[in-house]
Amino acid sequence: MSLRTFQRLRHAAEQEGVLFCFDGELSHAAVAGVGKTVRARMAEAAVPLPVARRLFSAIVELAQNVVHYAADGGLGEAKHALLAIGHGDGAYWAAGANRVDARQAHSLKARFVALQAMTSGDIEAAYRRKLDDERHELDEIGSRGAGLGLLTLARHASAPLEFALEPLGEGDFQLQICARLDGREHPGRSP
Amino acid sequence: MKILHHSTPITPEVTLQPEQHHLTLRGECYPENPVPFFGTVLAELEVHLQRDVPAKLDVTFGLTYVNSASTKALRRLFVRLDRLAQTGTEVLVEWEHEADDELTVELGRDLASNLHHIDFEEIALEARATA
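Chains as they are written, first to last, in the numbering used here: chain A, 955 to 1145; chain B, 315 to 445.
Calculated directly from the structure, the hints in this document are not laboratory data. Model, not experiment: these values are computed from the prediction. Glycine included, each C-beta is placed from N, C-alpha and C at the ideal position. Warning: the hint list may mix true and false statements.
[As the list claims (entries may be wrong)] Cβ-Cβ distance ranges computed for the label pairs, FRET-style:
| hint | chain 1 | residue 1 | chain 2 | residue 2 | range |
| --- | --- | --- | --- | --- | --- |
| 1 | A | 994 | B | 360 | 37 to 45 Å |
| 2 | A | 1128 | B | 437 | 40 to 48 Å |
| 3 | B | 420 | A | 1125 | 21 to 29 Å |
| 4 | B | 331 | A | 995 | 33 to 41 Å |
| 5 | A | 1073 | B | 349 | 29 to 37 Å |
[To be verified] According to the in silico footprint, chain B covers these stretches of chain A (three or more CB under 8 Å from chain B):
| hint | region |
| --- | --- |
| 6 | 982-989 |
| 7 | 1005-1015 |
| 8 | 1082-1088 |
[Claimed, not checked] Sample of chain A residues with no beta-carbon within 12 Å of chain B, all distances over it, derived:
| hint | residue |
| --- | --- |
| 9 | 955 |
| 10 | 957 |
| 11 | 964 |
| 12 | 967 |
| 13 | 972 |
| 14 | 975 |
| 15 | 1036 |
| 16 | 1061 |
| 17 | 1070 |
| 18 | 1114 |
| 19 | 1126 |
Construct all of the structure, not just a fragment, from the sequences and the given hints.
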């Protein structure tokens, strides 16, 4: 990266109110490091506790359970992801991006579209059902959480989750998710 | 007191006081794969229960954060506790949370939902000001 490019990155981060950003392999140690750093960063930025807790939950779910296995890794390999949290436009946000294969992309798209149409009540009900669903530990997108991660993310967000699936060629896609978290005490969408 | 699991940055300390039949889990809880951790906890609990089915079992939870994978595993533990309570053991679950921590309160209620045999108690601790 040239200095000029780095300056653009820095300005963009400043403009978008980035509080934390991580780009790398999400090994066990890396996730623990992200967790510890995000907690410290939120304390430093005086993020109010109610939203800080939801923001923390969002970044961990983005890092771990939304898609359990990366397209370029196999079972048990650490996946590469870009994670960020920030504050702007009167709200906090958490975002994550990682590579998925075509099959995962197809399933994920269906899930996100379904989620976007759900009310808070629908999400709560789906969450309760998933909590007791013992059918498959590994579902069709390779998620051990059986969709609970995505529902948790949706549940704590203040608006429907935004997502994008960018084709990368070779049949893979870049999954990008953004969750908006207002500072309100009681998050939820209008029914 | 027996330490069943030493705390790590992402898993809680788990201790058992065998005489008092008191199991405690305290700390962060966000392993990506909860199976090794919860597998150990459940196995140790079974060993303890097989030795002597107690008249009363206390389980205290003081978890600062629980990821969705651990939530599922915790639900299984709660269901196990409820089944134990159905067979005659008095099971008390103490769910500690910071006074203003809605997320943890909500989680406790989700974990205990539709389980009618355990005695589920919420214990509010003093709140902090900021993260």
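Structure-based check of all given hints:
Distance hint for residue 994 of chain A and residue 360 of chain B: a CB-CB separation of about 38 Å, consistent with the stated range 37 to 45 Å. As the Cβ distance of residue 1128 of chain A to residue 437 of chain B is approximately 44 Å, the hint placing it in 40 to 48 Å holds. One distance hint, 21 to 29 Å for the beta-carbon pair residue 420 of chain B and residue 1125 of chain A, is violated here, with the actual separation near 40 Å. Take residue 331 of chain B and residue 995 of chain A: their Cβ atoms lie about 37 Å apart, and the range 33 to 41 Å holds.
Checked against the given bound of 29 to 37 Å, the beta carbons of residue 1073 of chain A and residue 349 of chain B, roughly 33 Å apart, stay inside it. A count of 4 residues in the region 982-989 of chain A with a Cβ less than 8 Å from any Cβ of chain B is obtained; the coverage claim is therefore met, three being the minimum. Given as covered by chain B, the region 1005-1015 of chain A passes the check, having 7 residues with a CB less than 8 Å from a CB of that chain where 3 are the minimum. Coverage of a stretch by a chain is defined here by at least three residues with a beta carbon nearer than 8 Å to that chain's beta carbons; for the region 1082-1088 of chain A and chain B the count is 3, and the condition holds.
Separation of residue 955 of chain A from chain B is adequate, the least Cβ-Cβ distance of about 30 Å exceeding the 12 Å criterion. Its beta-carbon lying about 34 Å from the closest one in chain B, residue 957 of chain A satisfies the requirement of being farther than 12 Å from that chain. Taking the minimum C-beta to C-beta distance to chain B, about 25 Å, the non-interface status of residue 964 of chain A holds against the 12 Å cut. Annotated as non-interface, residue 967 of chain A keeps its C-beta farther than 12 Å from every C-beta of chain B; the closest such distance is 21 Å.
A cut-off of 12 Å between C-beta atoms confirms that residue 972 of chain A is not in contact with chain B; the least separation is 17 Å. With a cut of 12 Å on Cβ distances, residue 975 of chain A stays outside the contact zone with chain B, its closest approach being about 18 Å. Every Cβ of chain B is farther than 12 Å from the Cβ of residue 1036 of chain A; the closest lies at roughly 17 Å, confirming the non-interface assignment. Distance check for residue 1061 of chain A against chain B: the nearest CB is about 17 Å away, which clears 12 Å, and the non-interface claim stands.
Every CB of chain B lies more than 12 Å from the CB of residue 1070 of chain A, the least distance being 19 Å, so the non-interface label holds. Taking the minimum C-beta to C-beta distance to chain B, about 19 Å, the non-interface status of residue 1114 of chain A holds against the 12 Å cut. With a closest Cβ-Cβ approach of about 22 Å to chain B, residue 1126 of chain A is found to remain outside the 12 Å limit, as its non-interface label requires.
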